[in-house]
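**Q** Working from the sequences, and respecting the hints, build out all of it.
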Amino acid sequence: MSFNWNIVVKYWPRFWSGTLLTLKYAAIAIVIATVWGVLMGAVSYRKPRILGTIVRAYICFFRETPLLVQIYFLFYGVSRYVSVSAGVMGIVALVLNDGAFIAEIIRGGLQSIEIGQSEAAYALGFNKFQTMIYFLIPQAWKKVLDSVINMFSIIIKDTSMLMWITICELTYQCNQINNYSFNPITSYLVGGAIYLILFFAVQGARKLLSMKNNPKRAIEKRGESAA
Amino acid sequence: MSEMSEKKEIVVSLQHVTKQFGSLTVLDDMSLDVYEHEVVVLCGPSGGGKSTLLRTINGLEKIGSGKILYRGTEVNHRNIKEIRKHIGMVFQQFNLFNNLTVRDNLLIAPVKTQKKKKDEMLKKAVEYLEIFGIADKLDSYPHQLSGGQKQRVAIVRSLMMEPDLMLFDEPTSALDPEMIKEVLDAIRRLSSMGMTMVIVTHEMGFAREVASRVCFLEGAKIRVNTDTKTFFEDTEDERLKQFLSVILHH
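In the order they appear, the protein sequences are chains X and S. For the first sequence, position 111 matches number 111 in the working numbering, and the numbering has no gaps at all. Just so we're on the same page, the working numbering is the position in the second sequence counted from 1, plus 227.
Quick caveat, the hints were computed from the structure, so don't treat them as lab data. Treat the hints with care, as some may be off.
No farther apart than 25 Å at their CA atoms in a straight line, the calculated lysine to any residue pairs in the SDA-like style are these [stated by the list, open to error]:
| id | chain 1 | residue 1 | chain 2 | residue 2 |
| --- | --- | --- | --- | --- |
| 1 | S | Lys289 | X | Tyr122 |
| 2 | S | Lys312 | X | Thr131 |
| 3 | X | Lys212 | S | Asn326 |
| 4 | X | Lys143 | S | Lys312 |
| 5 | X | Lys24 | X | Gly204 |
| 6 | X | Lys47 | S | Ile307 |
| 7 | S | Lys308 | X | Gln139 |
| 8 | S | Lys289 | X | Gln130 |
| 9 | S | Lys308 | S | Gln319 |
| 10 | X | Lys128 | S | Thr300 |
Only some residues are given here: those of chain X computed to face chain S with a beta carbon under 8 Å [as the list claims (entries may be wrong)]:
| id | residue |
| --- | --- |
| 11 | Gln117 |
| 12 | Glu119 |
| 13 | Tyr122 |
| 14 | Asn127 |
| 15 | Gln130 |
| 16 | Pro138 |
Pulled a few chain S residues facing chain X out of the computed Cβ check, cut under 10 Å [claimed, not checked]:
| id | residue |
| --- | --- |
| 17 | Gln247 |
| 18 | Ile310 |
| 19 | Thr340 |
| 20 | Arg384 |
Note that the Cβ used here is the ideal one computed from N, Cα and C, for glycine as well.
**A** Below, the structure is given as structure tokens:
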């Protein structure tokens, strides 16, 4: 048994539909987890008395327990009380889990900004919320952009866990193709290759974004290509 | 107090201000009145409480006891945000907003906190930048400016709020010698415009030139508080004499 192109061709519709579903869940989770992560990161940086403790407990719980446990907990546990689809629960799980990691990245970024930035804002009459929105988050975002985009790659891979709650994403489809074809080498190699292509797409987006973010780097780059 | 200053209105009055960091007393029962159009220089050795005292005026440092009056109103946590809009502050490390261009650094506070019109403010910003010789930097980011340019932008940023009082916290201490002059010139210009200012500085030649009053702070106390001439030429205080002889002849 070895790699077989015929299997790729025969089961391509399954690979393709799995890929689309993976992309769909990843895209939604990335957008919501980023917003959620920035929000939670800002709160955990500010440390308001009660809310700060709650947020830090949340971040700790979701970072330090396995994603699959969280998915099962939400899908089998919480679903008994809140009736939502598997897809929505899947997104919720990804957002809560990966959002917790993004929150920690954002908090680190916020902490690396000199206190003088906040003091200058306060001295000009800005309140804490405005200071966060206008000055601290934009600067922190720039510093941690690479790390956050790295989380996007992780979110794409994390969507594979959703196969355990009936979502027919790429990994689920690879499993199915293996069940029909009895050729795990082909099934999982193609699946892996598709994940790799998605990863390179994210990396390409990262390069574009970090150039936009850092005009100096973009100019140097242009200079290189001109030379 | 001289007769002349008694006729003028008091802008800021610090009354028996005390502050402690843990067991360390950094401000020990300090009282100081700043009159309109006055330039008060705070000087003295490190750890004397100069910067801390300055920062209590706009609430960047909380005080332990005593009170601070701004135009006769006691400053508290409720009115501090409003009062800050009338008090400009220039920092040792400039603290320009790194994520914004010079233009946005100058416009964001008046537009967002004072609800001023953007195009009017832009006109004003350009006028100020021209006065201070940095009109060509409107679209630069802070990291593209020299220290002296940054500090001048920081001064303009405060002026955009039309402040009633300006505070300077060692405005030239982080600058190369050549750039010190351009920043001091900017402050001289404000002084000639009649701006009320409180300045923490080690530039004693400059203090002698622009200050109407000089305070010598040491050991968390205001040791000397007198007019500039007396301060430099006629002081009785032995410790101040010693400080001046070292700092003026180094």
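**Q** Going through the numbered hints above, which ones does this structure break? Give me the numbers in ascending order.
**A** 4 and 17
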